[in-house]
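> Model the full structure from these sequences, guided by the hints.
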Amino acid sequence: MEQKMNERNVYGVNGGNRKEKNMMEKIVGGIAVVFSGMFIVPILSVLSGAFGLIGIGLPAITLLNLFGLTHIPFNVLFVTLTGFPQIFVGFLVGIIFIALSFICGSILKKYAAMAKRAF
Numbered sequence: 001m002e003q004k005m006n007e008r009n010v011y012g013v014n015g016g017n018r019k020e021k022n023m024m025e026k027i028v029g030g031i032a033v034v035f036s037g038m039f040i041v042p043i044l045s046v047l048s049g050a051f052g053l054i055g056i057g058l059p060a061i062t063l064l065n066l067f068g069l070t071h072i073p074f075n076v077l078f079v080t081l082t083g084f085p086q087i088f089v090g091f092l093v094g095i096i097f098i099a100l101s102f103i104c105g106s107i108l109k110k111y112a113a114m115a116k117r118a119f
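Residues 1 to 119, numbered by the numbering used here, are exactly what the sequence shown covers, in order.
Note that these hints are calculated values from the structure, not bench results.
Hints are not guaranteed to be accurate.
With a cut-off of at most 27 Å between alpha-carbon atoms, the simulated DSS-like pairs for lysine-lysine come out as follows [said to hold, decoys possible]:
1. K110 with K26
2. K26 with K116
3. K26 with K109
Here are the simulated distance ranges between beta carbons [said to hold, decoys possible]:
4. V28 with A99: 34 to 40 Å
5. A32 with F67: 50 to 56 Å
6. T80 with I56: 20 to 26 Å
7. L92 with N22: 49 to 55 Å
8. F35 with I95: 32 to 38 Å
9. V79 with V28: 49 to 55 Å
10. V89 with V28: 46 to 52 Å
11. V76 with A99: 14 to 20 Å
12. M24 with K109: 28 to 34 Å
13. S45 with T80: 30 to 36 Å
Note that beta-carbon positions come from the ideal geometry of N, C-alpha and C, so glycine has one too.
Right, dumping it as structure tokens:
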């Protein structure tokens, strides 16, 4: 079971091990969070949304190909797939992309929690 981090179990009963940050440490920590956030937050948010859209769209396209509504070639390792192998691979790759979307979203949430603690 995961233990929640609070002042009592991190710094001892009366906070005796706690070290106060001086002004320079606060400024450097804030600058590090701001500059890392300029890259981490946009990249993870765009990847999370893009992976989610691909994970939903790819199985839909494979179903449309199966029923003959679209004619988009589906090549895997230089082999053109049609019919049920195309649906199986499309759904498998779609599940992988949805999992990647959730992973990027969870990393983004963890980064936001870490950045909030830095200030």
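> Look at each hint and say if it fits the structure.
Taking the hints in turn, this is what the structure says about them:
1. K110 with K26: holds (20 Å)
2. K26 with K116: Between K26 and K116 the Cα gap is close to 13 Å, so the pair holds against 27 Å.
3. K26 with K109: It holds: about 22 Å lies between the C-alpha atoms, which stays within 27 Å.
4. V28 with A99: 34 to 40 Å: With a Cβ separation near 36 Å, V28 and A99 satisfy 34 to 40 Å, so the hint holds.
5. A32 with F67: 50 to 56 Å: holds (53 Å)
6. T80 with I56: 20 to 26 Å: holds (23 Å)
7. L92 with N22: 49 to 55 Å: holds (53 Å)
8. F35 with I95: 32 to 38 Å: Given a distance of about 35 Å, which is inside 32 to 38 Å, the answer is holds.
9. V79 with V28: 49 to 55 Å: Because 54 Å falls inside the window, the suggested range holds.
10. V89 with V28: 46 to 52 Å: Once the Cβ atoms are compared, 49 Å apart, the range 46 to 52 Å for V28 and V89 holds.
11. V76 with A99: 14 to 20 Å: holds (19 Å)
12. M24 with K109: 28 to 34 Å: Holds - the Cβ-Cβ distance for M24 and K109, about 29 Å, lies within 28 to 34 Å.
13. S45 with T80: 30 to 36 Å: Holds, since S45 and T80 (Cβ atoms, about 35 Å apart) stay within the stated range.
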